[in-house]
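Please take these sequences and the hints and turn them into a complete structure.
For reference, the chains in residue letters:
4 protein chains.
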Amino acid sequence: MTLAPELAVTRWFNAGEPLTLAALRGRPVLLHAFQMLCPGCVAHGTPQTQRAFELFKHSDLQVIGLHTVFEHHDAMTPVSLEAFIHEYRLTFPIGVDQPGEDTPIPVTMQRYGMQGTPTIILIGRNGNIVHHGFGQQSDMALGAIIAAELANTPG
Amino acid sequence: MTLAPELAVTRWFNAGEPLTLAALRGRPVLLHAFQMLCPGCVAHGTPQTQRAFELFKHSDLQVIGLHTVFEHHDAMTPVSLEAFIHEYRLTFPIGVDQPGEDTPIPVTMQRYGMQGTPTIILIGRNGNIVHHGFGQQSDMALGAIIAAELANTPG
Amino acid sequence: MTLAPELAVTRWFNAGEPLTLAALRGRPVLLHAFQMLCPGCVAHGTPQTQRAFELFKHSDLQVIGLHTVFEHHDAMTPVSLEAFIHEYRLTFPIGVDQPGEDTPIPVTMQRYGMQGTPTIILIGRNGNIVHHGFGQQSDMALGAIIAAELANTPG
Amino acid sequence: MTLAPELAVTRWFNAGEPLTLAALRGRPVLLHAFQMLCPGCVAHGTPQTQRAFELFKHSDLQVIGLHTVFEHHDAMTPVSLEAFIHEYRLTFPIGVDQPGEDTPIPVTMQRYGMQGTPTIILIGRNGNIVHHGFGQQSDMALGAIIAAELANTPG
Numbered sequence: 421m422t423l424a425p426e427l428a429v430t431r432w433f434n435a436g437e438p439l440t441l442a443a444l445r446g447r448p449v450l451l452h453a454f455q456m457l458c459p460g461c462v463a464h465g466t467p468q469t470q471r472a473f474e475l476f477k478h479s480d481l482q483v484i485g486l487h488t489v490f491e492h493h494d495a496m497t498p499v500s501l502e503a504f505i506h507e508y509r510l511t512f513p514i515g516v517d518q519p520g521e522d523t524p525i526p527v528t529m530q531r532y533g534m535q536g537t538p539t540i541i542l543i544g545r546n547g548n549i550v551h552h553g554f555g556q557q558s559d560m561a562l563g564a565i566i567a568a569e570l571a572n573t574p575g
Numbered sequence: 421m422t423l424a425p426e427l428a429v430t431r432w433f434n435a436g437e438p439l440t441l442a443a444l445r446g447r448p449v450l451l452h453a454f455q456m457l458c459p460g461c462v463a464h465g466t467p468q469t470q471r472a473f474e475l476f477k478h479s480d481l482q483v484i485g486l487h488t489v490f491e492h493h494d495a496m497t498p499v500s501l502e503a504f505i506h507e508y509r510l511t512f513p514i515g516v517d518q519p520g521e522d523t524p525i526p527v528t529m530q531r532y533g534m535q536g537t538p539t540i541i542l543i544g545r546n547g548n549i550v551h552h553g554f555g556q557q558s559d560m561a562l563g564a565i566i567a568a569e570l571a572n573t574p575g
Numbered sequence: 421m422t423l424a425p426e427l428a429v430t431r432w433f434n435a436g437e438p439l440t441l442a443a444l445r446g447r448p449v450l451l452h453a454f455q456m457l458c459p460g461c462v463a464h465g466t467p468q469t470q471r472a473f474e475l476f477k478h479s480d481l482q483v484i485g486l487h488t489v490f491e492h493h494d495a496m497t498p499v500s501l502e503a504f505i506h507e508y509r510l511t512f513p514i515g516v517d518q519p520g521e522d523t524p525i526p527v528t529m530q531r532y533g534m535q536g537t538p539t540i541i542l543i544g545r546n547g548n549i550v551h552h553g554f555g556q557q558s559d560m561a562l563g564a565i566i567a568a569e570l571a572n573t574p575g
Numbered sequence: 421m422t423l424a425p426e427l428a429v430t431r432w433f434n435a436g437e438p439l440t441l442a443a444l445r446g447r448p449v450l451l452h453a454f455q456m457l458c459p460g461c462v463a464h465g466t467p468q469t470q471r472a473f474e475l476f477k478h479s480d481l482q483v484i485g486l487h488t489v490f491e492h493h494d495a496m497t498p499v500s501l502e503a504f505i506h507e508y509r510l511t512f513p514i515g516v517d518q519p520g521e522d523t524p525i526p527v528t529m530q531r532y533g534m535q536g537t538p539t540i541i542l543i544g545r546n547g548n549i550v551h552h553g554f555g556q557q558s559d560m561a562l563g564a565i566i567a568a569e570l571a572n573t574p575g
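Chains as they are written, first to last, in my numbering: chain A, 421 to 575; chain B, 421 to 575; chain C, 421 to 575; chain D, 421 to 575.
Where hints are given, some of them may not hold.
No copy labels: a pair is met if it fits in one copy or bridges any two.
[Claimed, not checked] Computed list of lysine to any residue pairs in SDA-like fashion (alpha-carbon distance at most 20 Å, straight line):
hint, residue 1, residue 2
1, 477, 443
2, 477, 433
3, 477, 508
4, 477, 520
5, 477, 545
6, 477, 444
7, 477, 559
8, 477, 561
9, 477, 467
Rather than coming from a laboratory, the hints here were simulated on the basis of the structure.
So this is what it looks like as structure tokens:
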């Protein structure tokens, strides 16, 4: 198993205060990396994450969106992202991945070795990466993966 | 919790020999009640059950379809059902619910107090009814319910 | 252009009296050939025909469904078809294609040289076959084909 | 009938040179008004317009997209629109509606009295507005409306 690297986020939406994996240790974390102009994210991955947020809201799962802009940087600024979040009625916490230095790939995206967007990652109670999927994932499989991790005894 | 009543089946498709809940005790059982001319079954419930059968095929979940004809009896005979199973490429075991006496409701449907089709029931390892849902169920919720039961230690 | 052969129908549903192309000459006719256990018909072709029936109900288009059973004959009898029509809320006229002699292919299906189901055929005001499509057809293309024929001056 | 007001466009994408209704007189024009962060546009109206562009490409129909930003102006700049067009593989000509003075509503949107996005307008060969629809439109109805206008004799 691989320990999930910490998030590097420059700004949060839908979050009272910054979220860190360190502080969330002991709880499963569903991390959805997306770009607001990625068609597969908008049509599938992002609404799926919203559904997971709603389905598991009474569990101790923490859902986090991560805006991992690696192309069209001028087109997907935080100002545009904020309007996107509003228009698509997204209510789960969403962080802006920290821009990379000398590379278009942002920092968290690099740390996780993500191949693109949408990416869905499940981090277990112990902080390890339980699932790392690129592209479209079925709702049934995602529900099962989350529930299996929730069933693990904390601690 | 309610102990799941035994199945009353007059004929099986896609099954080597008759299945009974008694013999399956210790394994979770997903029971999908449908009618081949029920639009909500054909469009949603039955393909969803096929997806569950494929997703969990490496687990010890037993998926069972049950043809619970309670209307249009002459239109949904076993001969028609067999063609339906062939055309829709269904590969999970499917039983024909035993016709009722002095009632259009078949026997297993009565025993479970099902309200109609599609119905999806999850029977736990201990033989109890864990979930009983009538109508459309989301794939994510169903995946989660099954995975949670699979995580229970047998015995 | 090919003149559309006459229909050979043994029984009608949703029709006051038998329909013939001869009597319909001068009006465009949309002919949808299907089988009640053909998944592509149930999911796409038949509901599309119902949508066309509703969209063009104030025009002089005549919509006709044709149950062209060429396989699983025992499974798709008129009794089963009647329940299918009821359950799927089909309201356009539907005829049962006359069974073939010494062949599983019914008579009208043979006359038109249909390759399978679903098939959608548009017959023009002059009785010629304007469009003959096998398989899935887009709603936009079908709407356009029908409207173009409706725009032709009768007579 | 109402004569369609001229377009007021500050920038074009997918167009060799600026398009005007004056120059297009004699040809039917399909005008799709959208915003890149309008969920109903992205999921339905804009891909539908792309389908119409492809279906009728051998006719003399002119398809035009119009980016009518009336909210979140900072979030939907031409820079963001250009990335949107690229990512969604839109190939029909798209104009940016001229910003309004003392109003968030852009100029062409005002001239047509559009209620919001998505809006689909069909302008006839004679320059009149043939159809003006706000919200979701069925593919079949749109195909029919366009084909009916195409059938009108030019001149």
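Quick rundown of the hints versus the structure:
no., hint, in the structure
1, 477 / 443, "within (19 Å within a copy, 37 Å between copies)"
2, 477 / 433, "within (18 Å within a copy, 40 Å between copies)"
3, 477 / 508, "within (19 Å within a copy, 33 Å between copies)"
4, 477 / 520, "neither (33 Å within a copy, 42 Å between copies)"
5, 477 / 545, "within (16 Å within a copy, 26 Å between copies)"
6, 477 / 444, "within (15 Å within a copy, 33 Å between copies)"
7, 477 / 559, "both (16 Å within a copy, 17 Å between copies)"
8, 477 / 561, "both (18 Å within a copy, 12 Å between copies)"
9, 477 / 467, "within (15 Å within a copy, 27 Å between copies)"
Figure legend: structure checked against the earlier numbered hints; the only hint not met is number 4.
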